[in-house]
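Q: Listed below are the residues making up each chain.
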Amino acid sequence: MSVTASKQRVWTAVCRYCELTPGRGVAALVDGVQIALFRTTAGELYAIGNRDPYSGAFVISRGVTGSRDGVPTVASPMYKHVFDLRSGTCLDDPTVALPVYPVRRYRGLVWVQR
Amino acid sequence: MNANGVNPEHDATRPGPAAQDGARRIVVVGYGMIGHRCAELLAERAAAASPATAPVRITVLGEEPHEAYDRVHLGALFDGKSAEDLTYAAPPGVELRLGDPATAIDRQRKTVTTASGAEFGYDELVLATGSYPFVPPVPGHNATGAFVYRTIDDVEAIKRFAAGRKVGAVVGGGLLGLEAAGALKAMGLETHVIEFGPRLMGVQVDEGGGQALLSRIDALGVSVHTSTRTEAVEIGEDGAVYALVLAKGEDLSALPVDLVVFAAGVRARDQLGRDAGLACGERGGIRVDELCRTDDPAVYAIGECAQTVDGRVYGLVAPGYAMAETVADHLLGSDPAPFHGADLSTTLKLLGVEVASFGDAFGATPGALTALYSDSTAGLYKKLVIGEDGRLLGGILVGDASAYATLRPLAGTDSPLPATPEQLLLPASLGSAPSLGPDALPDSATVCSCHNVTKGSINAAIHEQGCADVAALKTCTKAGTGCGSCVPLLGQLLSAAGVQTSKALCRHFEQSRAELYEVVLVTGIDTFARLLAQHGTGEPDGCEVCKPAVASILASLGGTLGSGKRGSGRHILAGEQAALQDTNDHFLANLQRNGSYSVVPRIPGGEITPEKLIVIGEVARDFGLYTKITGGQRIDLFGARVEQLPLIWRRLVDAGFESGHAYGKALRTVKSCVGSEWCRYGVQESVKMAIELELRYRGLRSPHKLKAAVSGCARECAEAQSKDFGVIATEAGWNLYVGGNGGFRPRHADLFAKDLSSEELIRTIDRFLMFYIRTADRLERTAAWIERMEGGLDHLKAVILEDSLGLCAGLDRVMAEHVANYADEWRSAIEDPETLRRFVSFVNAPGTPDPEIKFEVERGQIKPLLTIGPPPQAGDGAGESGADRGGAHARGGDRPAGSEDERLVPAEVGA
Ligand SMILES: Cc1cc2nc3c(=O)[nH]c(=O)nc-3n(C[C@H](O)[C@H](O)[C@H](O)COP(=O)(O)OP(=O)(O)OC[C@H]3O[C@@H](n4cnc5c(N)ncnc54)[C@H](O)[C@@H]3O)c2cc1C
Ligand code: SF4
Ligand code: FES
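These protein sequence lines are chains L and H, in that order.
One point on numbering: in my numbering, the residue at position 18 of the first sequence is 18, and numbering is uninterrupted.
One point on numbering: in my numbering, the residue at position 847 of the second sequence is 961, and numbering is uninterrupted.
Rather than coming from a laboratory, the hints here were simulated on the basis of the structure.
These figures come from a predicted structure and were not determined experimentally.
Any given hint might turn out to be false.
Heads up, simulated BS3-like pairs for lysine-lysine below, C-alpha to C-alpha not over 30 Å straight-line [as the list claims (entries may be wrong)]: (1) H:362 to H:299; (2) L:80 to H:819; (3) H:617 to H:195; (4) H:362 to L:80; (5) H:977 to L:80; (6) L:80 to H:299.
Generate the whole structure from the sequences, applying the supplied hints.
A: And the structure:
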């Protein structure tokens, strides 16, 4: 199913930008990996791992986004841990971080790289 | 202090130059804010004096029947505070004689006589008689329904009269007039402000500031009439105010009103002094020197009744406190600081509209420069007056006075500006937010100008005396107990010292939930974005605390907000609201520990037909859901994945079910016993009542979940006394209990009202719930709310049963809107394709279930199989997805053609 260089990091289109609700996330399944994708109220895109490390459930995409000292954040809906959308770091516990994926908007579509 | 044990009543009434016991007698006339402060300081000084000095006896004569109170916050009486909340503690050892004004001073004999004929001898006399509201002598000014706004008694009279009336006007658009307008507004009256001058708050703000203020006040729904003279008050047939005759230039018009409040300025109450032959100013005020002495060295005058050496009469608390300090030090302390005059800095906050004016606000200093930021559409105006040397001289802030607390202490000092003027002026969203924190202040800067407390003393109180919250700082240093404008700064100093306390909802809003509710109610703001921009702390976005809390407020006021949307009963997932909701509200179901959801259909009163019971069973079987009967007499279906939710709802809705709102901070169930229809002990039909209540309040968003129950007789099989509201049938009707709680901290409900008819019961619960929604904190159950309420259950009863705050009509209206606009959220969701689109596990693979949600079987039903381990690494390939991508294509019309082409490298954006 993969196209050219399977070793090369590829960009995958997952949805149209306009389908994303500002301030909310969606989950995308890219090569079997669950990615939580967010469009913030400011219009920025972020992609981080969808698994909440504190519960083991794949729910990060369903959290409420926000900001903390200007840093864009999402709060896991399970136990409300807050993560930095840019770095994946848990702001309540900096030893924990979610994986971060490059994400771009191009031709009206949202592309994630992994 | 009358530590000598002599009955002061006896001794002080004896006229003559000296007390028999040799005690020094100080009499204070007037027990207002300044008289109180002076008595307090005198008591402190006397207590600290060496035992060798003569004992001091302090007597205070007050006209008002109340103990001294915080007049500045009189408006809080319209916001649910009680008179007790504003009352100051009497200083220890001071003899108070209240409700008996002084009528004459005999300076030869050194006595004061009161209205009741009592006579008090003094060695020193302090006059603190304050001022009285000036009422322009227009015809009809003393009609029934015409008021002034200065005392607790005034407020009570206004409240009593306003109940059931609709339109109010305030004559005077200054600080007091706007305070009064805020009060009328808080009572739900259509409010007008009549101002003779060309702008509001003409003393404090300049023309630009007046413009911004006008647009703000206007947006609050208060009608402002500037450059308008009040010619007369028309009196109706019932002898009460009927209309105001207004003149604008040559034009005369009539404004129909039910009530008018005169706030056209104050005049010093100097009559007592005048009659005793003390020198007074031409425009009023007993003349004093820089030690606050009148021309009789044994008589002092302080506060609003005094004309100070600079020829002014100060109508603010801070100068009055300074005078009290001067007199107390002069009489009983040492080194009195002479009073030469004071700064007229003020700040007003009228339901979120902030106005501040400080230092040389009008730029009167020669060579002063002005830096200005103004946005008239947003109602923002900020002006800084800067001296030739670059130091701050003063300023005016309208619409956003957050900088006041930090800037005012700097004005007129040698401290340099903490940032460039542009940085200080630009709204945080435009410029880089300057560091306006308390760090910018030197230790010597005055943080609280009312009580002259410096940053250094506040920090000492925090670090050395262990003050850990604003309340402690207030007790310890007095800072914050005057006008209150420095309280935010106190909070910042506490946080800077690592002590964090605040009623702020979260870092994005300084307001509590209840305050935000008021802001939304009054301004009609109907989006989170606007609320954050206009009333937030300047962060670009909210968080998981404020967003759902605001969503809840918007939902509970939904029917009454927004111009074009009135009565549309907007869905909680409509528009911007969708982004605000917590996951439960977002998916209209309850998130469970493995990421699946549970579904609870409403079964009002726990009554269900066999057919419906069978449908629930079939749905549970067909979707493989774990099924459990809840404590609230309904059935919970667990283990649904997001994409299954709409399918499940469709089946349930078709069978006549609707959402049970188990997911929302809303009414859960009204539990009931079987009642008099079946039970041989029952005295009323409890099931019928429970169903009626449940259908009435279903979907009502509140600060926390709400539980209720109805029992058919005193045997209480429905456990109503453990609910937020519980109803127990009596022979004569219904008893209502409120504030019960099971859960974490169980609490028995309190009996609220007895033997109500069904209509009375419903009306009472309507108001109880709406008052709770309006004033409780986020996630505060009714039990905690009542326990926290000042005045407790009695206050609550007064508000709801006697309408003591005049709120009931408004509460009824919002509830009526709720009932009229209720719609089933499940049905609305399945009927709206836009909303339905969200119910997929994966945006790019809508048909694929979340492979991580797995179950095992126990006791014949499913249970979550939890996988707690490291997150799958990139490339693990935990699930197969390629096959389903076609589904995404079907919806994404303008995607690159061909499913394999999805994996490509977009050239322009690069990797
Ligand atoms: C609604 C409102 C809002 C205000 N907001 C602010 C604000 O934000 N900031 C600010 O700095 N100031 C504000 N003020 C002004 C502030 O309240 C006054 O400056 C302050 O109360 C003056 O104190 P005082 O003791 O001189 O006078 P008062 O508080 O008026 O007290 C005088 C007392 O003396 C009594 N008295 C009079 N004559 C006699 C007599 N012959 N015998 C015995 N007792 C007598 C009176 O009954 C009264 O109780 C506000 C005032 C009002 C009404
Ligand atoms: S509360 Fe009274 S009416 Fe209801 S079931 Fe119990 S005994 Fe019967
Ligand atoms: S400045 Fe008024 S209370 Fe502190």
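Q: Next, verify each hint and record whether it holds.
A: So, going through the hints one by one against the coordinates:
1. In summary, the hint linking residue 362 of chain H to residue 299 of chain H is supported, as the alpha carbons are separated by about 24 Å, within the 30 Å threshold.
2. With a C-alpha separation of about 19 Å, the suggested pairing of residue 80 of chain L with residue 819 of chain H holds against the 30 Å cut-off.
3. Restraint check for residue 617 of chain H and residue 195 of chain H: satisfied, since their Cα atoms lie roughly 16 Å apart, inside the 30 Å limit.
4. Restraint check for residue 362 of chain H and residue 80 of chain L: the C-alpha separation of about 59 Å exceeds 30 Å, so the hint is violated.
5. Straight-line distance between C-alpha atoms of residue 977 of chain H and residue 80 of chain L comes to about 23 Å, which keeps the hinted pair within the 30 Å bound.
6. Under the criterion of a C-alpha separation no larger than 30 Å, the hint pairing residue 80 of chain L with residue 299 of chain H is inconsistent with the structure, at around 38 Å.
In this structure, the earlier hints numbered 4, 6 are contradicted, and the remaining ones agree with it.
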